[in-house]
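So the sequences go chain by chain: H and S. Position in the first sequence (from 1) plus 26 gives the number in this note's numbering. Position in the second sequence (from 1) plus 3 gives the number in this note's numbering.
Just so you know, the hints here were simulated from the structure itself, not pulled from any lab data. In this text the structure is predicted, and so the values were computed from the model without any measurement. Please note that the accuracy of each hint is not assured.
[As the list claims (entries may be wrong)] What follows is a set of in silico ranges between Cβ atoms, one per label pair, in the way DEER data are often shown:
id, chain 1, residue 1, chain 2, residue 2, range
1, H, Leu43, S, Phe194, 52 to 60 Å
2, S, Thr100, H, Ile109, 24 to 32 Å
3, H, Lys36, S, Ile198, 54 to 62 Å
4, H, Tyr119, S, Asp103, 17 to 25 Å
5, H, Ile109, S, Ser43, 38 to 46 Å
6, S, Leu202, H, Ile109, 44 to 52 Å
7, S, Leu202, H, Leu43, 40 to 48 Å
8, H, Ile38, S, Ser56, 38 to 46 Å
[Unchecked claim] Listed below are several chain H residues computed to face chain S (Cβ distance under 7 Å; list not exhaustive):
id, residue
9, Glu59
10, Gly70
11, Gly81
12, Val83
13, Phe84
14, Gln92
15, Asp93
16, Ile139
17, Thr143
18, Leu145
19, Gly147
20, Thr167
21, Arg171
Just so it is clear, CB atoms sit at the ideal spot from N, CA and C, and this is done for glycine as well.
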Amino acid sequence: MAGQEDFKMKLIKKILLITALAYIFAALNTGCETPIGQIVPYSGNWKFTFSYDNGSVFASSNILIQDTGAFCGKITVMETGNIFYIKGDVSGYGEITGGFADSCSAPVTGKIIGSFTELMGAGYASGTFTDTLQNPGYKGTWQARRN
Amino acid sequence: MKNTFRIQVVLLFLITASAFTQQEKMNFGIFSGVSLSTNSYTYETGSNYLDTSYSNDAKTGFNLGMFAAYDFERNFSVKLQGQYTNKGGITNINTYTSTDLTYIERSYRNTINYIQFSLLPQLNLPFSKNSNESKAYFNAGGYLSVKLSASEKIENQTVYQYLDTERDISNSLTGTDAGLIFAGGIVYKGFLIDIRYDLGLTNIVDDPDFNDALDISNNSINFSIGWTGGF
Numbered sequence: 027m028a029g030q031e032d033f034k035m036k037l038i039k040k041i042l043l044i045t046a047l048a049y050i051f052a053a054l055n056t057g058c059e060t061p062i063g064q065i066v067p068y069s070g071n072w073k074f075t076f077s078y079d080n081g082s083v084f085a086s087s088n089i090l091i092q093d094t095g096a097f098c099g100k101i102t103v104m105e106t107g108n109i110f111y112i113k114g115d116v117s118g119y120g121e122i123t124g125g126f127a128d129s130c131s132a133p134v135t136g137k138i139i140g141s142f143t144e145l146m147g148a149g150y151a152s153g154t155f156t157d158t159l160q161n162p163g164y165k166g167t168w169q170a171r172r173n
Numbered sequence: 004m005k006n007t008f009r010i011q012v013v014l015l016f017l018i019t020a021s022a023f024t025q026q027e028k029m030n031f032g033i034f035s036g037v038s039l040s041t042n043s044y045t046y047e048t049g050s051n052y053l054d055t056s057y058s059n060d061a062k063t064g065f066n067l068g069m070f071a072a073y074d075f076e077r078n079f080s081v082k083l084q085g086q087y088t089n090k091g092g093i094t095n096i097n098t099y100t101s102t103d104l105t106y107i108e109r110s111y112r113n114t115i116n117y118i119q120f121s122l123l124p125q126l127n128l129p130f131s132k133n134s135n136e137s138k139a140y141f142n143a144g145g146y147l148s149v150k151l152s153a154s155e156k157i158e159n160q161t162v163y164q165y166l167d168t169e170r171d172i173s174n175s176l177t178g179t180d181a182g183l184i185f186a187g188g189i190v191y192k193g194f195l196i197d198i199r200y201d202l203g204l205t206n207i208v209d210d211p212d213f214n215d216a217l218d219i220s221n222n223s224i225n226f227s228i229g230w231t232g233g234f
């Protein structure tokens with residue numbers, strides 16, 4: 027009888043120990059997650075469309091905005107097929123700054139400015155771009171929607 | 004002089020009788036209840052290739068109001084209703100994980116408070132031939148709502164973390180909403196039970212950034228109890 031009680035107590039202790047360890051592991055392990063307060067509200071995938079001042083489409087691209095707001099995505103100029111990269115940052119308040127580059131690790135030229143906003147889950151961003159050093163015609167406006 | 008006096012008395016009698024008759028045909032009521040509201044939600048993303056998923060859920064709300072109904076016939080009335088109600092809905096967005104991108108589910112819970120007026124023709128089906136006191140009824144009509152306030156609570160949930168924020172979205176929504184109402188209920192000895200469906204017909208988004216891409220209308224099912232047995 028006493029042996030049975032000892033066995034039950036040991037079993038209960040084991041269960042409690044495993045539960046406590048699992049809780050501590052879950053509480054401490056946030057995986058590779060960025061602290062949630064540092065994730066910008068606009069993180070995720072967005073479809074950017076760049077247009078010339080006359081309204082014709084210059085290029086479009088699906089771009090991933092990282093947790094920190096940093097982004098780098100490839101765009102292809104529709105008329106010429108030229109490929110380059112759009113690179114920059116989105117702040118927690120939705121302000122975007124960046125420019126164009128030959129690769130994600132290369133320095134930027136030109137300028138992209140604008141802002142992001144959202145309403146009831148729908149995301150929208152717009153602004154202007156210019157890279158007249160690369161080509162005098164590379165300037166206009168852009169729009170983006172959460173994709 | 005005598006004739007003038009008689010005419011005045013007859014007129015006074017007719018007016019009083021008419022008023023008394025109208026009072027019998029008129030009834031008033033109060034009601035309160037809960038509602039389940041959803042947003043009918045259309046968002047043009049401009050792409051068929053989506054890395055983000057969208058879904059909509061219902062949220063619970065509250066309503067409180069009063070009405071005046073006039074019986075034109077035994078089986079036909081018109082009800083004028085005024086109430087406070089809160090509508091809205093929940094939109095869930097999942098952003099999938101990727102390099103330097105944490106999986107996150109964002110839940111946008113919007114609450115829009117309205118004063119709502121509705122004009123509801125009513126078909127009455129009395130339970131007894133002699134009395135109109137207890138009956139079943141059906142309504143179909145229209146409503147016009149005036150916005151009082153609107154807010155949005157954003158809940159961010161990752162696998163391990165949670166954060167919520169709240170903001171005012173009044174300036175991004177229209178000041179009014181209009182739609183249709185379909186309702187039915189039972190009045191029994193003055194107590195009433197009412198089920199109502201509000202079908203919003205207007206796009207409530209009024210923000211230049213979203214007018215081309217976002218279309219949201221209010222829908223709600225309301226369950227109310229009330230009193231119409233005299234005050």
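Now for the hints, and whether the structure bears them out:
no.: 1; hint: H:Leu43 / S:Phe194: 52 to 60 Å; verdict: holds (58 Å)
no.: 2; hint: S:Thr100 / H:Ile109: 24 to 32 Å; verdict: holds (27 Å)
no.: 3; hint: H:Lys36 / S:Ile198: 54 to 62 Å; verdict: holds (58 Å)
no.: 4; hint: H:Tyr119 / S:Asp103: 17 to 25 Å; verdict: holds (20 Å)
no.: 5; hint: H:Ile109 / S:Ser43: 38 to 46 Å; verdict: holds (41 Å)
no.: 6; hint: S:Leu202 / H:Ile109: 44 to 52 Å; verdict: holds (49 Å)
no.: 7; hint: S:Leu202 / H:Leu43: 40 to 48 Å; verdict: violated (57 Å)
no.: 8; hint: H:Ile38 / S:Ser56: 38 to 46 Å; verdict: holds (43 Å)
no.: 9; hint: Glu59; verdict: holds (5 Å)
no.: 10; hint: Gly70; verdict: holds (4 Å)
no.: 11; hint: Gly81; verdict: violated (14 Å)
no.: 12; hint: Val83; verdict: violated (12 Å)
no.: 13; hint: Phe84; verdict: violated (15 Å)
no.: 14; hint: Gln92; verdict: holds (4 Å)
no.: 15; hint: Asp93; verdict: holds (5 Å)
no.: 16; hint: Ile139; verdict: violated (16 Å)
no.: 17; hint: Thr143; verdict: holds (6 Å)
no.: 18; hint: Leu145; verdict: holds (5 Å)
no.: 19; hint: Gly147; verdict: holds (4 Å)
no.: 20; hint: Thr167; verdict: violated (13 Å)
no.: 21; hint: Arg171; verdict: holds (5 Å)
Taken one by one, the earlier hints fail for this structure at numbers 7, 11, 12, 13, 16, 20, listed in ascending order.
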